[in-house]
Structure formats: structure tokens, C-alpha cells
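These protein sequences, in sequence, are chains V, B and H.
Residue 1 is where the first sequence starts when you use this note's numbering, and the numbers rise one by one after that.
Residue 201 is where the second sequence starts when you use this note's numbering, and the numbers rise one by one after that.
Residue 507 is where the third sequence starts when you use this note's numbering, and the numbers rise one by one after that.
Since the hints were derived computationally from the structure, they do not count as laboratory data.
Computed from a prediction, not measured in an experiment: that's the story for all the values here.
Backbone N, C-alpha and C fix where the C-beta goes; we use that ideal spot for every residue, glycine too.
Take these hints with a grain of salt, some might be off.
Unchecked claim - As a list, the in silico DSS-like pairs of lysine-lysine whose alpha-carbon atoms are at most 30 Å apart: (1) V:K162 - V:K72; (2) B:K350 - V:K106; (3) B:K350 - V:K72; (4) V:K106 - H:K580.
Stated by the list, open to error - Listing some non-contacts, in silico: residues in chain B with all C-beta distances to chain H over 10 Å: (5) Y210; (6) I314; (7) R383; (8) I425; (9) T430.
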Amino acid sequence: MVIDMRRCIGCHACTVACKAEMAVPLQVNATWVKIVEKGPYPSARRFYLPRLCNNCTNPICVRNCPTQASYKRDDGIVVVDPHRCICCKYCIASCPYDVRYVNPFKEIVEKCYFCQHRVDAGLEPACVESCPTRAMVFGDRNDDKSEISQLLASNATTVLKKEMETEPNVYYIAGDETAMSNDEKGINYRAEGAFINLRL
Amino acid sequence: MDNTDVNVVYSVQHQLPLVMYIAQYFFFTGLSAGSFVISVVATMLGRKEFKPIGRITAVLAPVLLIIAPLNLIADLGQPLRFWHLFFFYNWTSPITYGSFLLTLYPIMGIIYAIMVFTNRGTAAKILGIIGVPLAISVHGYTGFILALAKARALWNTAAMPTIFLVSAMVSGIGFVVVVAAVRWKWFDKKTTEEQRAKDKRLIIQLAQFMAYTIMLDLFLIVSDILVLLTAHADAYQAGMLILTGNLAPIFLGVEIFLGSIVPMVLVLGPTRKNLTAIVIASILVNIGVYAMRFVMVIGGQTIPLS
Amino acid sequence: MRSITRRDFLKIGAAGTALLAIESQLHPIAQAMEMMDGGRSVNRVSGLPRSFLPSTCTQCPAGCGIIGYVEESKLVKIGGNPKHLSNQSALCARGQAGINALYDPDRILTPLKRVGGRGENRWAKIKWDQAYEEVAKAMQPLKSQPGRFVYMTEDLGHDTLGKRFAYSFGSGNALGAASIFGGNKQVATQLTWGAAGDMPDVANTKYILVFGANPLESHPQFVGFARRLIEGVQDNQAKMVVFDVRLTNTSTRANEVYYVNPGTYAIVALAMANVIMQEGLHNAAFIDQWANISSGDIAAHLSQFTPEKAAAASGVDAAAIRRVATEFASTSPATTLSDGLVSVHGNGTQNERAVMLLNIITGNIDNRGGLCLPREFNLPDADPAPAVPAPTPLSNPADLPLASQQAIDRSWQLIRDRKHRVGVLMTRSYNPVYSDPDGGGVADLLKDDTMVPIHVAVSPFMTETAALADIVLPETTYLEGWDLEVRPSPELVPFISLRQPVVPPLKDARPFFEIATSLANTIKGGMEQYFGFKSVEDYLKGRIQNVGGLAAAGGLDYLKQHGVWFNPRSKPDYGSFGGGFSTPSGKLEVYSSVLKDKGFSPLPDYEPVPAFSSLSKDELVLTIFDTAIQTDAKTANCMWLDEILHNNPVWINPATAEQLGIKDGDKVRVVRAARTGQGISPVDDSQLNPRARSLETTAFLTEGIHPRVVAMANGVGHTGFGRIAQGEKISKDEESGALKNPNTELVWWREKDGIGTNPKTIVPAMADPVGGGQAWGDVVVTVGKIKE
Ligand SMILES: Nc1nc2c(c(=O)[nH]1)N[C@H]1C(S)=C(S)[C@@H](COP(=O)(O)OP(=O)(O)OC[C@H]3O[C@@H](n4cnc5c(=O)[nH]c(N)nc54)[C@H](O)[C@@H]3O)O[C@H]1N2
Ligand SMILES: Nc1nc2c(c(=O)[nH]1)N[C@H]1C(S)=C(S)[C@@H](COP(=O)(O)OP(=O)(O)OC[C@H]3O[C@@H](n4cnc5c(=O)[nH]c(N)nc54)[C@H](O)[C@@H]3O)O[C@H]1N2
Ligand code: SF4
Ligand code: SF4
Ligand code: SF4
Ligand code: SF4
Ligand code: SF4
Ligand SMILES: [Mo]
């Protein structure tokens, strides 16, 4: 998946699309749009960052799952088998991106799996379909003719926390460095309903 | 980059995946491993005066280790599926080797205890030799659970398993000291005065050994923090979190001061012959190690990843 | 249905990009149409296709095409209609969360009759027949003075059925609330080029001047327009310059951002126009041909608005005004973009006219990439249509000569002053207690049965307004009813969109067509002859029978199948004014004799907002803005939206906050200053509801706001509208019947962040005397820390 931050308007349509498509309960999110604001008045700007599971090529979550409930499909999508997961939550602790959550109704771990059921049926993921400005593009990177390959070939892209060597498969065009890092030193968490649900 | 004028207007963080159950579990495996090692040392040395200690610890080790995984299972969202761990194992996951170790080790521990009680010294020694690496693994793997969660800077260090082991020794000895002291004071009326004096000396020696282990533990923690503070940004944050953040009171106050410094002073200082002081020190040590498990498990997850 | 392979899907993706190609706007849609066969979705577990029905979203005025996916007669998902010209398969957060409104556990599903006093919220469930009888009994005696039946809705322009109901009863008092949204803009554009509204062709332009509009967050055509704006600035590399009082999603994408003093757009725009005329960068030929006064006259009028004078008033540097003006005039095509809320000041109508002048003098009028006339089908009511009764003082207040039927706040005033006696008031799709200025005053009025003897609320939800009714008629939500939805097309090719039930009405809820028909047939007295349709489909067929192309395509059946119709071969007909504008002179009325006649300045002009002159050190201007997550009063019962946006701390610039001793997160009190009333149409503060003078909230310190302005988001802080809108958890054991949803147990935000405050409670009703639109923007406040 490629997310073009030059097109993203921070509208959260993707967030709600996922809630609807995946029946994601309240309190948890498989995807969300991080928003940071920086710079002094009057040059302050906002930067958006839709975040979701990177369906990594080298997923730590899969490596650390003790039951093989998390596994990688042949096409590279990382999924959780809901019948096998024992909900030890170790994959959540292992993932560098905080994109996994416990489904409070089912007591199993879930995350974005690139809408595998839609992709299998030849459809785009729900978030991609809903995006008003077509900031998200999904496709097969190994197919040279796909739109996504062309985008990747003609633009500089970055991934989240490259140093984790998970080889993320969500690429950002023009992603903002601050939004992409989680170096929260001195950062002030506030405003439009920031949801920080740390449960001890 | 100077982040002081950055406002995170919106983000989502998920609940902490690993909670108190896990910290508690780490604590109990630590106690068990520590007890077992002491028991084996006592058995190996074969000295008569060590015998009671060897016996107590031989019982404690498997009992503690049966309590420990109960915490784990209670923590599972799907406790009834715990058997998946054995049927769908994944050898790259530390939890998988943990689940096998957690099965083998108590079985071995029970047999060992039987050997100890039935005075089959050689068998006990052999089992002890096999058992020590197992005990070390059982506890060491818990360190690996944290260390292999690469994203969490506080955990992701090669020192983590060793830190866990050493602190396990500390708390294990502390626990044994308390049990032995209680036994000495109230339940051991039969032995001679001379024997009691010997036993008391032994407890004091054990406590001193504990103090030296604390030193080693402190050395490891200090070096870990020094490295954290000089490594990449997340690591720096992790270091600062426990030194100056929310968890600082627990880390510096409980783990380091109450749990390490005070016991060392009590055990090595003027009160070094005072059994009450030693017992207090040992209890404090255990509180400190419990705090350490808490700081590590919770603290490691407090830094947002998103 | 033809199954789609992965290859096709990639092709569709490619078609998606082709859509962005500026050349061919329309035919790729037809391609996607063929391929997608109306959109698809599959069950997540079984992978089986879901059944679907296209319809139209009305969670906001944009009217996007949706597809309702249904499993076992339950709506499981709302997706975008790929065939729809406006949104082209995309949907915003609110559109997708509409499912939460449909299954709101607190929906009203049987007619209710008040027991106990008004507003005590004690109700008896009654049968529909009894409800109709009761309303008929109240309305029949009014037959001799039908004007005493008053019908109020927010968007009268799109409520043909509501008008039909009132008119067939003989009442001209079908009232809309344009005065609380884009009223001034509608009047300004109508006066200038003879059509209400505009549609900047942003996808094809090279330069966009934005005045106080925020289309990447809220816009009357949100999804379609935001897409086109991004196409413009990203694919077409148009330069965008934004004038606003705060940092918005739009200004963050702009090349240049200027923070203007509130209420001063007009002088900035006029000074730019002056520069353009002075430098000779204007399009003289266009002005000569199409403006109703000469270039010379325009230049002479504008010469008073020097950049220096504008700089002093607006705070925008004179050199910047010069440079931006020059760039705007020398880039072609170029357009301005100003929306609903540019006009929410006492001088709003003139603000809007000043901005339009920039397009007129540069010839950027209805050209490719310029400011275009809105393209929207004007569908007549079906035959037999009732005669439109003569205007009444309520529908056309004498002191607001240009604000026909839409100055609802003035109507409230006339009722309050007993200038008009109401017999029965019917409110529908309108929640004035929450939305209107001085909502507290509206609530007081609704509680007083000497002013409103009978209040019938047609509403699916127990809103703050419905709670003050005598009878509540539970209408279905938009997902269970029928209507034709026409909107100005962002693609400049007009379309007709159908709203049809994607699921049958829940329990006893009834669509408004059925309610109106049954009522008319119970009331009788002649109105029943206008409600003799066999079915709603017959009625809708009557409304589209004269749309040529549609009839050929299959009429209503085509709409039922595809959800939307537009002429697939037509392209934007730029220069559609070729035969002249629909103004008295047939030209662009830079000089408006209508304004002159009514005693207003006939030329685009700048009049400072009196309340803003010499603000003291601690006086700040309050701005209320819309967000991408909530629409006004409409969406707060959608939990997926509330989870993202549920409170509205007041934005304060850190420099200002420091002076006031306020820190981020502090509890603060926002107090309306008495000078607020010193508007262009003055309001006596001492006459205003004293309860509604201040509100409490928390402070949000941000570098993204003018130091003299504070801002709060609209759409949260409900005191009615059900438990979800108020952030209340619904515990497991409470009975919600068929609407039970375990998610309602997980509502978390009220405890953690609170549910915000409705900022409109401290806004008095103040109208621009020209357009009659509310001067929301003219509120002066002080902000102080609440000491604990
Ligand atoms: N996503 C979304 N779309 C919507 C709606 C919604 O709530 N959400 N609501 C719908 C409705 S009903 C309407 S009427 C329209 C409204 O759509 P808009 O007219 O775009 O309304 P706002 O976003 O409220 O106001 C636009 C901008 O005006 C700025 N502003 C306020 N005062 C001043 C001033 O004095 N000077 C300048 N220069 N700028 C100022 C505000 O900061 C804000 O950014 O949108 C419709 N579409
Ligand atoms: N200060 C300030 N005040 C403002 C604004 C501002 O920017 N600043 N914005 C103004 C604007 S632009 C607007 S448009 C108004 C909006 O004012 P309103 O018209 O009051 O609000 P709406 O959001 O249109 O929703 C009206 C009601 O319709 C109900 N409803 C939804 N669907 C249906 C249906 O199918 N049938 C019926 N009968 N009811 C239904 C909803 O529950 C809601 O309570 O608020 C205005 N108020
Ligand atoms: S839907 Fe698209 S534009 Fe909106 S926040 Fe998501 S990626 Fe950005
Ligand atoms: S982002 Fe996290 S959960 Fe997703 S595949 Fe990578 S490591 Fe696993
Ligand atoms: S929670 Fe489930 S998916 Fe995650 S590691 Fe444990 S068993 Fe695997
Ligand atoms: S791809 Fe599907 S599952 Fe993943 S974030 Fe998008 S909608 Fe959610
Ligand atoms: S823009 Fe308005 S009409 Fe379109 S999907 Fe969003 S809420 Fe619905
Ligand atoms: Mo509006």
C-alpha cells in the first residue's frame, strides 16, 4: 500500500471505513490518522499520518507468536487466525507500530490484514475505496504495470521505523518526519479527542 | 530536532498488552529459579548444615513454579486454548520454548525434591546438574520474552536475560533467607544450641551472599541504563522514563533504594548479625525485585510506539 | 453479477487515476460503471457477495451516492457509489457512520404524545392513527387562517414535500434556515449573477484564492469538492493562497497562508481588486461585455481601498496584498473560493460580493478553471402542485427584504414579539434549540404554549427540539425513505440522485411521504387532492417526468438501479451565460440597483464590524467552525464519529494564553462580551438571555490561530439527542430491543474527555441587514481560567 501524504486531508474516512468493514469495536482501532501540528504562528502546519499494520515482509509479530496464530499468507499479507489465537498478547508487545489490539468482545488479537477478504474477491481494501482524495493506493508491487509499482518507481517513499528491519509494506510519499517518529520528547498530547487508553 | 512546539493533535494508543499478571509471573519464576539454584548448591556442597536449606528450597522451587504459570493462564484472553501452545508451537517464539521448559522443569523439580527428601544424594546431584541449566533457562527465557520484543527500547537489550537471572537469584535468596529464618526461630526447636548457632551463621552467610548478588545486579542495571541513555532516541526516552518519568519513584525509590541499597546496608552494615534486620532486608529485597518486574514490564510499554 | 478478477481490480485502480486526468472527466466514470456493476462488497467471514441497493447520503448537504450493503435485511455497511458523479465511490467518515444513526439505540420507533409539562420528557406511546387524528384536530380549526400553521426545516430548498404539505394546507409559512448557514452568500450571488451559489472549477485552475472557506474539512459538497481541490493543487499544480483566522486542513495544504483579522475579507478582496485595476491587469474586454458598469467606474470605486488601508484593517501586509493580487490576475485560469461561512458576519453579503468582484474583473467567470455558476437540476414539484401562497411577514420579514423564507431566526423573533400568532408548529429535520443562535431563547419560546400552542416534531430522534414537542412523529432516517436529491455538481455536469430505502423502516417509523399523505388525508379540507398518489414512486415519477434524457434512460427505474443519473455524454458547458445572466440587466451586476432600492450600498463595499473596533486587551473574537467528523446537529448520535471527535476545547494562541495566564488543558470560562451586540444590526445585550452568556470548556493551546481569535468546533456538546450523542454508556442489562449493540457498552469518551460544549449557546441572534444571514462570526468574548 502507498499513502500519498500530498493528497491526504486528514479526514478520517479511512478510520471509519475500517470500523465498518472489519466490525472494529469502540476503544480500539486497526487504523487511525495521527495528526501533529508544528511550527510557530503564523507558519504552523498540520501533518497527517494514516497508520495501520504494515503487513511487514519480516514481521516480528509472526516470529514471536507462540501458536502460529499470526502467520504470513503466500501473497505476503499477515493475518491472525481467530480460532488459534490464545490472546497471550505477545504479538502486541512485539509489534513496533502499536497496530494490534485485543477485540474486547472476542478476546482475541486483531489487526488490519489489508482487507484480505475483499482483496481475494478482487476489490480494493475498504479504506482505500473510501478515501475522498485517493491518497491511498493498494496493489501488487511485484506487478510492474500496477499503479502502485509505478508510484513506487516514480516517487521517493519512506516507511515507519525502518531501523526495526520489519520491512513494512505501507509506504508513505512525503510523510512528515515528526509524524512518522514517535520521539515524543516535549510533545504535548492534547486536543480533538486524543484517545490515549492506557489500561493498567 | 527540537520538538517543543509539536502538538500531537490526534493519535490512538492501544492498551498495554502485558499487565500485572505477567510481572507477577516473572516474579514467581524468578523466585523458583533462585530457590532451585540455592538448593542445588546446598546439595552439591553436601555439607550437613546446608541440608535444611537444601530441603526447603527443593520444595519451594516446584511449588512456586506451579503458581507462576497460573498467572500466565489467567492472563490469556482464551485460557481454555492454552493447549495450543503445545500443539501449534513456533520455535522462533520465546513463549514456545518457555511453554516446554515450564512443563519439564517442575516435573524435574518434583523428582529432585523426592530425591532430596529420600536422601538419595547422588541422584539428587545428577538431577541438580541437569536442573540448574533448566532453571536458568526457565527464568532466562522470561528475559528473552522482553528482550526479543524489539520495539520496546527498555526491553530490547542483550543484558535483559542476565538482569532477570541475577535479580531472580537475589529474590530467590531473599525468599530462602526469610523462610529459613522463620523456620529457625519458630519451628526448629529440636536441634542443639550449637547446631542452631551454625544454622544462624549459615543464614547470615546466605544473606551476605545475597548482598553480593545485589551488587552484581546493581552493576548490571547501571550499565544497562548508561547504555540506554547513550543509544538511539527511543532508548534515551526509556532511560529517562525510569529515571525521571512516572516510574521514577518506583524505580529509584522502591527498586533501587528500598530494594537494594537499604538491604545491603542492613546485611553488611552494623546490623549484619541481627537476624531481624536480615529478615527485613530480605523482605525488602523481594519487594524491590517485584518492583523491578513491574517497572520493566509496564515501563517498557509506556513509551508510545505511534 | 460478473465476478471481478484481481486484474480487473487493478484496472479499476488505473481507471481511478484516469479520473484524475483533467482532460477527460466523464467517460472513465462510465468505464468504472461498467466494471463495478454498482459496487461490491463481500462478507468478511464467508467471502460471499452481499446484496446492495444504491441511495443518497444526507448526513450533510453534499448528497453523495451511497450503496447500502445488506445481509439478512440488516444494513451491514455503507459504501460509496462508484457511478455517482459527485463522490465517485469515496465517502467521508460521516457518510460511512450513517449506519450508527439508523441503529441508534435511542431512536424513536412509535409516535409519542407528551404527558406532563412540555420538556419534562414524559411520553405516552400512541398509535399512528391516533397521532394523525390529534394533529388533524389541531390543524383543522386553522383552516380559515392557514398561515397559523408554521412548518420549519433547515434546508427548505431541498424539502419539496414539506413545502407541498404547508402550501396545500394554504400556509405560506414553510420556513427554512438558510439564514443560519449560507444565507448571505445566496443573496450575494443571486444579486450578482442571478443564481444562488457558485462552484469554483478548482480541479482545472491554476490559482486559488481562499477566503475563509475550508473545503478540505467542511464544504457543502465535501467529498466531491475536496477531491477536485486536491486534483487542482496536486495534479494540476495550482497555487493556493488561504486567508483564514485559524489553521485548517485546507490552509495546511496551501502555498501561502495569511491570518486575517476577522470580518475583514471584503477590504482585502477590494484592495486586491484595486491593485488589479491600477496595474491594468484586468480583463477589460470581459468587463465591457459582461459587467453592468464600466472598468473606469469600477476602478474609481475601488481606488479608496488601498493596500495600506486594507493592511491596517486586516493585518495582512500591504506588499503581500499587492503581490497576491498581481499573481492572481496574471495567472489564468484563476478562481476564488469562499464558502458559507465567509458570509457569517454582519457585513457578510458585501464580503461575498467583494470576493466575486475579483473573478469578474479578471474574466474568471464560468470558464474552465474559473468561478462557475452552480449546475443543479431544478426539479419542479409533481402535478397537481399546490399554489404557492402569498409571502407572509414570517416568510419575508419586512426588515430583511432580500432574505426570502430563509431568515428563520427573524421568524422566531416575530413569534416572540407576538407579531405572528402560531396555531400549530411543525419542525422537521431541524434542531433549533441546539443549532440556532440563542438556542436557549428558542427553547423558552417552545416551552411557552401561549406562543406555540401545539408543537409537532417530525423526527427520528429525541433531539433537544423534539423534546419540547407535544407530539413526536417518528420519521424514518434517510436510509429508510425516498426522495430525489439534487445538488450543485462539483463536476459541473448536473445530476439527479435518488434516495430509496436500503432497508425497510424499522418497527413503526414511517417515511415523511407517508406521514404527509396520511396527515393530509386525515385533515382534508382540500389538501388531500395534492396527496392522492398511489405510492411515493408515483409522486417521484411526477417530479422527473420532464427531464428528457432521464426519461429515455428509464426514468425512476434507472435511478432505482443506479442511484444517480446524469447525461453521460455531456461535458461542462463553460460559458453557459452566453445568452446573458438571470439578473435584471442580463449582466453581472457589479452595481446592484436592487441593493440601491433597498437602501444598501449598490457596489461591493467594506463596512467594518462595529463590535470589532478597538477591542480591549482581553477581548477576543469567537469563531465556530465545522469539522470533517461531525455535521452541525446531525451526526452526534454516530458513535464512530464521536469516538474521534467528542469534545471541543477552545483554541487559543499560546502568546494570548500566556497573557491570560492560561495553560494547555486548563478549565476556562468563555464569556460573551457586551460589545457583541454592537453589530451592524445592533442587539441589546441586556435583553438577551442572561443564562446563555458564558460557557465552560478547556483550553487547547495551538500556534494555529490568530492571537485575537479563539475557536471552537461545532457539532458536539448535546444535551439531548439520545444517550450516544451525550456520550453515555449503555449498560448490558438495559433493554434496547432490536437496536441492541454491544459497542454501546464501550462508550468511553464522556468519562475521559467530556462531550464538549455547544458554543452556539452564547451566540445571540444577529443578522446582516442585507442578506439576512446570521452574523455568527461577530461574537466577542473574554476567556478566563476557572480557579479551582
Ligand atoms: N465535513 C463537513 N462538511 C460539511 C459540514 C460539516 O459540518 N462537516 N457542514 C455542511 C454545512 S451545513 C455547511 S453550511 C457547510 C459549511 O462549510 P464552510 O462554509 O466551509 O464552513 P466552516 O468550516 O464552518 O467555515 C469555513 C472557515 O471560515 C473560517 N472563518 C471563520 N471566521 C472567519 C473570518 O472572520 N475570516 C476568515 N478569513 N475566515 C474565517 C473558519 O476558520 C473556517 O475555517 O459545510 C457543509 N459540509
Ligand atoms: N455558531 C454557529 N452556529 C451554527 C453554525 C456555525 O457554523 N456556527 N452552522 C450552522 C449551519 S451551517 C447549519 S446548516 C445549522 C444546522 O442546523 P440544523 O438544521 O438544526 O442541523 P442539522 O445538522 O441539519 O440536523 C437537524 C436535525 O435533523 C435530524 N434528522 C436527521 N435525519 C433526519 C430525517 O430523515 N428526518 C428528520 N425529520 N430529521 C432528521 C437530526 O437528528 C438533527 O437533529 O447550524 C447552524 N449553526
Ligand atoms: S481517507 Fe484518505 S484523505 Fe482521509 S485521512 Fe484517510 S488517507 Fe487521508
Ligand atoms: S506492523 Fe506489526 S503487526 Fe503488522 S506485520 Fe508488522 S510487526 Fe506485525
Ligand atoms: S495473542 Fe494470539 S496472535 Fe498474538 S502472539 Fe498470542 S497467540 Fe499469537
Ligand atoms: S485495509 Fe482493511 S483492514 Fe486494513 S485498515 Fe484498511 S479497511 Fe482496515
Ligand atoms: S460529504 Fe456529506 S453527503 Fe457525502 S458522504 Fe460525507 S456526509 Fe455524506
Ligand atoms: Mo450548514
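Hints, one by one, checked against the model:
Proximity of K162 of chain V to K72 of chain V is assessed by CA-CA distance (about 20 Å); at most 30 Å being required, the pair is judged to hold. Simply put, K350 of chain B and K106 of chain V have alpha-carbon atoms about 27 Å apart, close enough for the 30 Å limit, and the pair holds. Simply put, K350 of chain B and K72 of chain V have alpha-carbon atoms about 19 Å apart, close enough for the 30 Å limit, and the pair holds. Of the pairs offered as hints, the one joining K106 of chain V and K580 of chain H holds, with about 21 Å between alpha carbons and a cut-off of 30 Å not exceeded.
Not every C-beta of chain H lies more than 10 Å from that of Y210 of chain B, the closest at about 8 Å, which undercuts listing it as non-interface. Chain H leaves I314 of chain B outside its interface by the beta-carbon criterion, the shortest separation being 50 Å against a cut-off of 10 Å. With 10 Å as the threshold on Cβ separation, the claim that R383 of chain B sits away from chain H holds: the shortest Cβ distance comes to roughly 50 Å. Under the 10 Å C-beta cut-off, the non-interface status given to I425 of chain B relative to chain H holds; the minimum distance is some 31 Å.
T430 of chain B, annotated as away from the interface, keeps every beta carbon of chain H farther than 10 Å; the closest lies near 32 Å.
Checked against the numbered hints given earlier, the structure breaks only hint 5 and satisfies all the rest.
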